[in-house]
Amino acid sequence: MKLHWFHLAPWQHLPKDFNETYRSVWVDVPSHLFNPVQANHHYNDFLDELELADQVGFDGICVNEHHQNAYGLMPSPNLMAAALTRRTQNAAIVVLGNSIALYNPPVRIAEEFAMLDCMSGGRLVAGFPVGTPMDTCFGYGQVPATLREKYDEGYELIMQAWTRPEPFTFNGKYTQLRYVNIWPRPVQQPHPPVWVPGGGSIETWEWVAKRNHVYCYLSYSGYKRGKSLLDGYWETVARLGIEPNPYRAGFLQLVAVSESDAQAEADYYEHAKYFYDNCLHIYEGYADPPGYRTQATLSKGLVSQHGKAATQARKNLTWKDLVEGGYVVAGSPESVRQQLTDVAKTLRVGHLMTLLQFGSMPKHLANKNTELFGREVLPHLQTLWSEWEDHWYPKMIPTTDRAQPAPLPTATNGPANGGAGTTGHQTNGHATTSGAQTGGVR
Amino acid sequence: MSAPSERTVSLRGGTLTARVREAGDGPPVIYLHGAEGPLPSWPPFLETLDRSHRMISPDLPGFGGSTGGEGINDVLDLSVYLLDLLDALGLERVAIVGHDLGGMAAAELAAVAGNRVASLALIAPLGLWVDDDPILDFYATPRADLTPLAWHDPASGTATAVLTPPQTEAEAQIAALELNHGLAASTRLLWPIPDRGLKRRIHRIICPALLIWGASDGVVPPTYGPRWKSALSDARLEVVPGAGHYPMLEQPTAVTDAITPFLRLHGA
Numbered sequence: 001m002k003l004h005w006f007h008l009a010p011w012q013h014l015p016k017d018f019n020e021t022y023r024s025v026w027v028d029v030p031s032h033l034f035n036p037v038q039a040n041h042h043y044n045d046f047l048d049e050l051e052l053a054d055q056v057g058f059d060g061i062c063v064n065e066h067h068q069n070a071y072g073l074m075p076s077p078n079l080m081a082a083a084l085t086r087r088t089q090n091a092a093i094v095v096l097g098n099s100i101a102l103y104n105p106p107v108r109i110a111e112e113f114a115m116l117d118c119m120s121g122g123r124l125v126a127g128f129p130v131g132t133p134m135d136t137c138f139g140y141g142q143v144p145a146t147l148r149e150k151y152d153e154g155y156e157l158i159m160q161a162w163t164r165p166e167p168f169t170f171n172g173k174y175t176q177l178r179y180v181n182i183w184p185r186p187v188q189q190p191h192p193p194v195w196v197p198g199g200g201s202i203e204t205w206e207w208v209a210k211r212n213h214v215y216c217y218l219s220y221s222g223y224k225r226g227k228s229l230l231d232g233y234w235e236t237v238a239r240l241g242i243e244p245n246p247y248r249a250g251f252l253q254l255v256a257v258s259e260s261d262a263q264a265e266a267d268y269y270e271h272a273k274y275f276y277d278n279c280l281h282i283y284e285g286y287a288d289p290p291g292y293r294t295q296a297t298l299s300k301g302l303v304s305q306h307g308k309a310a311t312q313a314r315k316n317l318t319w320k321d322l323v324e325g326g327y328v329v330a331g332s333p334e335s336v337r338q339q340l341t342d343v344a345k346t347l348r349v350g351h352l353m354t355l356l357q358f359g360s361m362p363k364h365l366a367n368k369n370t371e372l373f374g375r376e377v378l379p380h381l382q383t384l385w386s387e388w389e390d391h392w393y394p395k396m397i398p399t400t401d402r403a404q405p406a407p408l409p410t411a412t413n414g415p416a417n418g419g420a421g422t423t424g425h426q427t428n429g430h431a432t433t434s435g436a437q438t439g440g441v442r
Numbered sequence: 001m002s003a004p005s006e007r008t009v010s011l012r013g014g015t016l017t018a019r020v021r022e023a024g025d026g027p028p029v030i031y032l033h034g035a036e037g038p039l040p041s042w043p044p045f046l047e048t049l050d051r052s053h054r055m056i057s058p059d060l061p062g063f064g065g066s067t068g069g070e071g072i073n074d075v076l077d078l079s080v081y082l083l084d085l086l087d088a089l090g091l092e093r094v095a096i097v098g099h100d101l102g103g104m105a106a107a108e109l110a111a112v113a114g115n116r117v118a119s120l121a122l123i124a125p126l127g128l129w130v131d132d133d134p135i136l137d138f139y140a141t142p143r144a145d146l147t148p149l150a151w152h153d154p155a156s157g158t159a160t161a162v163l164t165p166p167q168t169e170a171e172a173q174i175a176a177l178e179l180n181h182g183l184a185a186s187t188r189l190l191w192p193i194p195d196r197g198l199k200r201r202i203h204r205i206i207c208p209a210l211l212i213w214g215a216s217d218g219v220v221p222p223t224y225g226p227r228w229k230s231a232l233s234d235a236r237l238e239v240v241p242g243a244g245h246y247p248m249l250e251q252p253t254a255v256t257d258a259i260t261p262f263l264r265l266h267g268a
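Top to bottom, those sequences are chains A and B.
Quick note: the first sequence, position 129, residue 129 per the numbering used here, numbers continuous.
Quick note: the second sequence, position 57, residue 57 per the numbering used here, numbers continuous.
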């Protein structure tokens, strides 16, 4: 099994009474609750945490796209991914992903993903979510009834842009381009692996299976509720006569590892509670606009993941509720090993995306969680599904052939190391110029 | 009491079908429904109007019993569809009564095909937009919150008859799916803001228009009435007391008292 470390980048300073005082963490969350100076530190922490995950041996590090909310501070996951290409070495960079219908023209995604693949030496996983209704329909004004058609068209354009060797013309309903000819092009040929996060639309199962991509169920309600969705996917795979390779599926799970089961509660409960009570506090009016989910999905009676019932069910849970309900897999390393083995086998997932930083969890605790998991859980789980070949993991340039960042230059009097007092011009823009001219070399 | 007949009309060589209900004799009048879809029955205001007119009520494409929603991506697509429908019905020139989305559809058609539209009776129409006076985001308003905004008196017999879900759970689920189906189709024309540029075309509307607004409309504010009136070359505004967003259901007599003489004067 491949194990991935997933960051949502939550805002960690919502007031204690947030879910009583404000109606939604998404779409119209008040901007005065955000503090950019604090965010400077948080983004740095988030990148540190993802880099640590690479260091301790995770197979992938994951970022994703959300808009207008305090639960995920990555409107552009590609910016995070770009930053990660420089100081990580081994992990796949899993961008889960870019919401295709939001980009005009969608070749922007083909280009940026190709850039990331080149920058990272072929480590990119290209994620193509439809996107939540809060992000796409409310935040970005997409028409619910045409969102999927626009997504499909954008997907076709991106795949052609990656794979067709000559410039071509694309005459779509939503995008018309006389010349499609992207530079750069991806390292991975014919294209980076495509993973599709789904939130519970039944059409997505068949769409993904037929195109031979990975279906990822990004649930925050844990493996017990995720089972019916994954079962539906595997039934679709069987019906289509496709081999049931577990690496065709991914699943997101909150995980909390500590020295003991009791210590896990002491360490992580308040942060899990913050996540479920505040980060998923979504106004019901934004959860399920007409046309976002198809009639086929609705008539199956599937409950919206962000709807009132699901949102309410996740609030005010005790630690016992969270653990026994499968929302959080928590406990000692031994206990977490066992539980996650069960999760993987029950859901038949080859790509397990762990959420080891969640809610208000501070960096030192996220690092503890990551290090414990990396040392005492990860190696035991990576042997799962070894009888299957993973066709959906990046085909990277071998480490020995891959570009490495040069050590930072040690300037003698340049602005990079302060250079105070050497030129006397640091107070204005000229200091940079003079620094570069006089000493900005090795 | 007249019972409307119902039939399926074939369009574009049979590739599309429209469900059409109609009753009455006289000059033809089209009734176009709003974003929530076709009226479930033939309500009293249509019964009154069909005493003097041939009232024809099609389901818009993608709503109710009409196919073709996937072909509607802008108001021009809708106007062309309505022209195809008029052709299929053999109607050269009609008066149109339109509510909400139906009012927007009627106005858009009159702007591009004025020769086919004799007059417009627009009930709380969508289509114009003022940033400082927004129309309710009814897509993001839970049903329980929407009802008191859309109805002057949600407790009235008329309102409860419309608002009470069907008795059995199975019927209620079908009704909910049907409502969702229509609202989904409406997003093609109304999301995220119910403005597709009518203000750039409204000067083309030269037929007489009657504007009807419920005084307590919490969905499309009555302040839009004067805006429509001043944008149209020949319009009268009637504000109906004791009515919300559905004046033709809440105050059918007041509405037909205004519409009937208007149609008599300006019908096809």
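FYI, nobody ran anything at the bench for these hints, they're computed from the structure.
Possibly wrong hints are sitting among the right ones.
Unchecked claim - Straight-line Cα separation of at most 25 Å, SDA-like style, residue types lysine to any residue; simulated pairs: (1) A:308 - B:177; (2) A:173 - B:14; (3) A:308 - B:170; (4) B:199 - A:210; (5) B:199 - A:315; (6) A:308 - B:266; (7) A:173 - B:11; (8) A:315 - B:145; (9) A:173 - B:165; (10) A:173 - B:239; (11) A:300 - B:242; (12) A:300 - B:70; (13) A:173 - B:69; (14) A:308 - B:69; (15) A:300 - B:142; (16) A:300 - B:170; (17) A:308 - B:174; (18) A:210 - B:174; (19) A:300 - B:165; (20) A:173 - B:12; (21) A:308 - B:65; (22) A:308 - B:143; (23) A:173 - B:196; (24) A:308 - B:169; (25) A:300 - B:199; (26) A:173 - B:143.
A quick note: this is a predicted structure, and the numbers were derived from the prediction, not measured.
Comparing the hints with the structure gives:
| no. | hint | in the structure |
| --- | --- | --- |
| 1 | A:308 - B:177 | holds (18 Å) |
| 2 | A:173 - B:14 | holds (23 Å) |
| 3 | A:308 - B:170 | holds (21 Å) |
| 4 | B:199 - A:210 | violated (45 Å) |
| 5 | B:199 - A:315 | violated (46 Å) |
| 6 | A:308 - B:266 | violated (49 Å) |
| 7 | A:173 - B:11 | holds (23 Å) |
| 8 | A:315 - B:145 | holds (22 Å) |
| 9 | A:173 - B:165 | violated (39 Å) |
| 10 | A:173 - B:239 | violated (42 Å) |
| 11 | A:300 - B:242 | violated (40 Å) |
| 12 | A:300 - B:70 | holds (22 Å) |
| 13 | A:173 - B:69 | holds (15 Å) |
| 14 | A:308 - B:69 | violated (29 Å) |
| 15 | A:300 - B:142 | holds (21 Å) |
| 16 | A:300 - B:170 | holds (13 Å) |
| 17 | A:308 - B:174 | holds (20 Å) |
| 18 | A:210 - B:174 | violated (31 Å) |
| 19 | A:300 - B:165 | holds (20 Å) |
| 20 | A:173 - B:12 | holds (21 Å) |
| 21 | A:308 - B:65 | violated (30 Å) |
| 22 | A:308 - B:143 | holds (13 Å) |
| 23 | A:173 - B:196 | holds (18 Å) |
| 24 | A:308 - B:169 | holds (20 Å) |
| 25 | A:300 - B:199 | violated (42 Å) |
| 26 | A:173 - B:143 | violated (34 Å) |
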